[in-house]
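Enquirer: Chain by chain, the residues:
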Amino acid sequence: MSDDQELNEASVGLAQGPLAAPVLGRVVGILAARADCPIDRLDDALLVADAVAAKAAQFAEDGRVNVRVVAERGSVELHVGPLRADGASGLIASASLPGIGNVLERVADVLEPQPGENGTDEYLRIRLGFAAQRSTPKHPEEPDAP
Amino acid sequence: MNASVPPRTSADYASHQIEGPDLVHLPTWARVKGARLGHPRQTDGRTSVVVSAPEEVTATPDLELKLPARAENVAVVRHAFGGFAEVLSVDEQTLADIKLAVTEACTNVVIHAYEDEIGSLEVDASFDDERLTVVIRDRGRGIVPRPDSPGLGLGLPLIATLAESLELGTDDLDHTEVRMTFRLDEEDDIA
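Line order of the protein sequences matches chains S and H. With the working numbering, letter number 17 in the first sequence gets 24, and the count goes up by one each step, no holes. With the working numbering, letter number 191 in the second sequence gets 193, and the count goes up by one each step, no holes.
Keep in mind that the hints are not guaranteed to be accurate.
Stated by the list, open to error - In silico contact screen, one side only, chain H against chain S (beta carbon under 10 angstroms); selected entries:
| id | residue |
| --- | --- |
| 1 | Leu-65 |
| 2 | Glu-74 |
| 3 | Val-79 |
| 4 | Gly-85 |
| 5 | Thr-96 |
| 6 | Ala-98 |
| 7 | Ser-128 |
These are calculated hints, taken from the structure and not from any lab test. We treat Cβ as the ideally placed atom computed from N, Cα and C, and that holds for glycine.
Just need the whole structure built from these sequences, with the hints factored in.
Expert: Right, dumping it as structure tokens:
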């Protein structure tokens, strides 16, 4: 990600079903990678994307998976919604796995329900922070900067 | 609910009601595949009909994607379409054709749609057992001849070759649309 394009984002709307996980995972993955996300956090981001793709439609107002993905150097955020009232807490609770715990709570730095525009709907903001890595390794013959 | 506003889901259809003396000229959204018209009713000299859609019919595409129209995001769209391979039983060549055509259409938006500002690039995709329909949409200046074009002008002819059908036009809001359909059930012609 070049310095003059620090921020990139995509809005994704998906019908509930088998297409949601592969498409959302790919969008989140490529945007996170472009934001120089290290591999361990990239894996976390894909885990979050899979959890959202699997469960978000159950709590959505329109029965679809709607996510705005915002990537910038040092973080990737998923804004899930619009969700129906209490949908954000329902989505968080649905991400619990036996023996592992709650995937979203374990992986995300921020899990924040946010009010929607019409007062009854809401969004779930999921933020994953990371120390951005240099995306392209320096060539061995590249001289050090003076 | 305002009948001029298209419904987004099957549930929306249940509450849509068209009123007026002329039921022939239905809005576009009421003529989508699978939409059903209820029995017309006369009340106080006005005719009304409820428009409903079967449970399995969705007015919204299976995939909606909206991004800034920047070169790097063409790859995002292409990568997203790779996800279709995990869901659709489509051979590699067909998938490659789909991805190439979608890439060409998105590249056209990035290069030609907007002059100075970075506008939006919108992609819709819907599929059934037989076909995949992809719509690439922008809010730019439209498809117009461009003598100073930096490209070779091969994008649209290439898309027309790869796709089963290609339509250029505008949507209800006058946004530029490139609509492509691809057959998903083509038999392998190679013996």
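Enquirer: Compare the structure with each hint and give your call.
Expert: Do the hints match the structure? See the list:
A cut of 10 angstroms between beta carbons decides the hint on Leu-65 (chain H): the least distance to chain S is about 6 angstroms, and the hint holds. Against a cut-off of 10 angstroms between C-beta atoms, the interface hint on Glu-74 (chain H) holds, since the closest Cβ of chain S lies about 7 angstroms away. Given hint, Val-79 (chain H) at the interface with chain S, holds; its Cβ is 9 angstroms from that chain's nearest Cβ, closer than 10 angstroms. Hint on Gly-85 (chain H) holds. Least Cβ distance to chain S is approximately 3 angstroms, under the 10 angstroms limit.
Hint on Thr-96 (chain H) is violated. Least Cβ distance to chain S is approximately 17 angstroms, over the 10 angstroms limit. Below 10 angstroms, beta-carbon pairs count as interface contacts, and Ala-98 (chain H) has none with chain S, the closest being about 16 angstroms; its hint is therefore violated. Of the supplied interface hints, the one on Ser-128 (chain H) holds, with its beta-carbon coming within about 9 angstroms of a beta-carbon of chain S, less than 10 angstroms.
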